[in-house]
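Protein chains in written order, with my numbering: chain A, -11 to 127; chain B, -11 to 127.
Don't read these hints as lab results, they were simulated from the structure. Check before you lean on any hint, since a few could be wrong.
Copies of the same chain look alike in the list, so a pair counts if it works inside one copy or between any two.
To be verified - Here are the simulated BS3-like cross-link-like pairs (lysine-lysine), alpha carbons at most 30 Å apart as the crow flies:
{"id": "1", "residue 1": "25", "residue 2": "67"}
{"id": "2", "residue 1": "15", "residue 2": "67"}
{"id": "3", "residue 1": "67", "residue 2": "10"}
There are 2 protein chains.
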Amino acid sequence: METIVPKISVFPTGEENTAYAKYFSGKSWNAPLTSNKDLNVPMNNITFEPGCRNNWHKHTGGQILIAVGGAGYYQERGKQAVHMEPGTVIEIAPNVEHWHGAAPASWFSHIGIACNSQTNENIWLEPVTDEEYTEATRQ
Amino acid sequence: METIVPKISVFPTGEENTAYAKYFSGKSWNAPLTSNKDLNVPMNNITFEPGCRNNWHKHTGGQILIAVGGAGYYQERGKQAVHMEPGTVIEIAPNVEHWHGAAPASWFSHIGIACNSQTNENIWLEPVTDEEYTEATRQ
Chain A
-11 METIVPKISV FPTGEENTAY AKYFSGKSWN APLTSNKDLN VPMNNITFEP GCRNNWHKHT
49 GGQILIAVGG AGYYQERGKQ AVHMEPGTVI EIAPNVEHWH GAAPASWFSH IGIACNSQTN
109 ENIWLEPVTD EEYTEATRQ
Chain B
-11 METIVPKISV FPTGEENTAY AKYFSGKSWN APLTSNKDLN VPMNNITFEP GCRNNWHKHT
49 GGQILIAVGG AGYYQERGKQ AVHMEPGTVI EIAPNVEHWH GAAPASWFSH IGIACNSQTN
109 ENIWLEPVTD EEYTEATRQ
């Protein structure tokens, strides 16, 4: 059954993010916003259905998130989750374990910017359990 | 006389951009959105008063612009200006001469992302004349 994605930001939604589905709990969509490889700053708009989040993971080069629609969360391992809404900017330092995704009852879109992209690697870890997600988003 | 800046985006407006005023025709404001230098992707929200634009210039590392509020223009030397509104993303290749700024009758905010920041230099050229600006924004 095809999901109808609501329009929650001024940026494109793109296609269902099947390539990364194995690293996500729930459905997500990916719209590349840039294409010039000489710039070395790849930028994508990622949209999460309510409750969807990615696995715990880290980026050897770091990442920047810019919330642009709906409501979501960002959590670093061992810390309280941070609520994200349009205008929230999160700087994720290299090698910091974290996850991000939608709030339980809201769609969410953020722009994701790969940092130090010439050398960056994404290292995917275990899923965020329902218990971890519920606890993180309880506030 | 202090200018009252309207709230045109979800991002902060910051302080009047006096450091770069000599490269701008009109008043602008600058809000840094990131601070972690390990990421090598400096990101600022720049706000232009109506009619304000920066000089012709180029970046040796390139730049990405994300329009987030109001209405503005981007023009590469020798090409038609491009209208920018929230959601417009512009990739500026290294060493391409260009300018950007507000529409004549609208405030404008864009996020500016420095690319290849470890080596990037900004090279400032002559102001965009009133004739060039009027012609570019006539459409």
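Hint check:
Taking the shortest Cα distances, residue 25 and residue 67 sit within 30 Å of each other only across copies (22 Å), while inside one copy they are farther apart (35 Å). Proximity of residue 15 and residue 67 under a CA criterion of 30 Å is satisfied intra-copy only: 25 Å inside one chain copy versus 41 Å between copies. In this homomeric assembly, residue 67 and residue 10 come within 30 Å of each other (Cα to Cα) only inside a single copy, at 25 Å, whereas the closest approach across copies is 44 Å.
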